[in-house]
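S.K.: Dock chain B against the given chain A, drawing on the hints supplied.
Given next are the chains, with one letter for each unit.
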Amino acid sequence: MNPSVAGGNHAATYAASQRWLDGHANRSSGGSGSTSRSKPGWCWYATAMRDTFSLVPPYLRNDGNTDEVFGPPWFSEYGFQQTRGFRALKVWMSLKYHGLSGYAEAITRDIALAEYLARLVDASADLGRLATGLNIVCFRYAPPSSHGDAARLDALNKMLLETLQRREQAFLSSTTLDGMFVLRACIINPRTQPGDLECLVALVRELGAQLAGGGV
Amino acid sequence: MPESAALEFAPEMRQRWDWSTDDMRHCGHLVVDLIAHHLTSLPERPVFRPLPPELAERFRSAALPLTGQDPEEILAEFARDVEPYPFGNGHPHAFMGGSTPPRRLLGSLLRCWPRP
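Chains as they are written, first to last, in the working numbering: chain A, 3 to 218; chain B, 189 to 304.
One chain only, chain A, in its complex shape (with noise of 0.2 Å):
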């Protein structure tokens, strides 16, 4: 393991996500069965990084004479910076700290939470699911008294996504799917417990009952 080169999260998404990957292999490239970037590694493109960035002026001498302090390829071949602060360290140090299966533990945790809320919101019947997928839950405020109207729900959803981001109670991003506007939550955080999605859900409910009330 080399501290100095970076990208070793990675290796830890990797480790921790195999599992759904290979359960989507088929999907993503055309039925072989492995994906092409199912190999962890430092880093994936290191030769196309040094194409592209390799700049070296005569004030930085590279004889390529390893035994020497200006043989082995600068840093500042791979990227725009010159030089950089010691970025590295911090994954070099994290991976030591946890180990791969503490990453797998922890992201395996995020994905089972997702799950997780993805049956609250199933279970309850003025939200809509859109997506989930690894940590990630696309939802939306949509009570059986919309009948389904995109326009209403979209302006729905936006007002309640305001709304709930200035009450500072919990913060949502959010996207488009097939065209509609959604909430969407992601896990990541290893504090994060189930009381607490719980808790967003009926937050949520809570302010879309609301508006949908005031006629939004």
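Be a bit skeptical, because a hint or two may be false.
Below are the EDC-like pairs computed for lysine to aspartate or glutamate, each with C-alpha atoms no more than 20 Å apart in a straight line [claimed, not checked]:
{"hint": "1", "chain 1": "A", "residue 1": "K92", "chain 2": "B", "residue 2": "E265"}
{"hint": "2", "chain 1": "A", "residue 1": "K160", "chain 2": "B", "residue 2": "D269"}
{"hint": "3", "chain 1": "A", "residue 1": "K92", "chain 2": "B", "residue 2": "E196"}
{"hint": "4", "chain 1": "A", "residue 1": "K92", "chain 2": "B", "residue 2": "E260"}
{"hint": "5", "chain 1": "A", "residue 1": "K92", "chain 2": "B", "residue 2": "E232"}
{"hint": "6", "chain 1": "A", "residue 1": "K92", "chain 2": "B", "residue 2": "E271"}
{"hint": "7", "chain 1": "A", "residue 1": "K160", "chain 2": "B", "residue 2": "E260"}
{"hint": "8", "chain 1": "A", "residue 1": "K92", "chain 2": "B", "residue 2": "D206"}
{"hint": "9", "chain 1": "A", "residue 1": "K92", "chain 2": "B", "residue 2": "D269"}
Across the chosen pairs, the derived CB separations fall in these ranges [said to hold, decoys possible]:
{"hint": "10", "chain 1": "A", "residue 1": "D198", "chain 2": "B", "residue 2": "L218", "range": "30 to 36 Å"}
{"hint": "11", "chain 1": "A", "residue 1": "D198", "chain 2": "B", "residue 2": "E260", "range": "51 to 57 Å"}
{"hint": "12", "chain 1": "B", "residue 1": "V220", "chain 2": "A", "residue 2": "C188", "range": "53 to 59 Å"}
In short, the hints are calculated from the structure, not lab data. C-beta atoms are modelled at their ideal positions from N, C-alpha and C, and glycine is treated no differently.
M.R.: Here is chain B on its own, set in the frame of chain A:
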């Protein structure tokens, strides 16, 4: 995807992701001691000390750690195998750009948690 996957961490795993105030103070003091030692002793040390090839090879060939280590062990390894080999920058005799003024510590330490 298994419905039975745990929604809660085991207690010892949860502690790894959710440090107490005492955990943070303990590790924080160890880290600040390392920084203080580095910055104050740097001018007395060689301006450049190449990473020994065998140490480089050890880093290169080490497997990704499957299980976690304690912070004290990790910081001890950093102090032994990483800290002594900065690439010159920061030493008053390093005439190729870059330095580490102590005031940068303030921003660097405080920027570790927010994500603007």
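S.K.: Are the hints correct? Go through all of them and say.
M.R.: A quick look at each hint next to the structure:
At most 20 Å may separate the alpha-carbon atoms for a hinted pair to count; A/K92 and B/E265 meet this at roughly 14 Å. For the hint pairing A/K160 with B/D269, the CA-to-CA distance comes to about 53 Å; that exceeds 20 Å, so the pair is violated. Only pairs whose Cα atoms come within 20 Å are accepted, and A/K92 paired with B/E196 is rejected, the gap being roughly 26 Å. Restraint check: the Cα-Cα separation between A/K92 and B/E260 comes to about 15 Å, which is no more than 20 Å; the hinted pair holds.
Between the alpha carbons of A/K92 and B/E232 the distance comes to roughly 27 Å, so the proposed pair goes past 20 Å and is violated. Taking the CA atoms of A/K92 and B/E271, the gap is near 14 Å; set against the 20 Å cutoff, the hint holds. Annotation: proposed proximity of A/K160 to B/E260 is violated, straight-line Cα distance about 48 Å (limit 20 Å). With a C-alpha separation of about 17 Å, the suggested pair A/K92 and B/D206 falls inside the 20 Å cut-off, and the hint holds.
Proposed proximity of A/K92 and B/D269 is supported: the alpha carbons are some 15 Å apart, at most 20 Å. Range check, A/D198 to B/L218: Cβ separation about 32 Å, and the 30 to 36 Å hint holds. Between A/D198 and B/E260 the CB atoms are about 32 Å apart, so this pair departs from the stated range of 51 to 57 Å. Under the hint 53 to 59 Å, the C-beta atoms of B/V220 and A/C188, about 33 Å apart, miss the expected range.
The structure shown violates the earlier hints numbered 2, 3, 5, 7, 11, 12.
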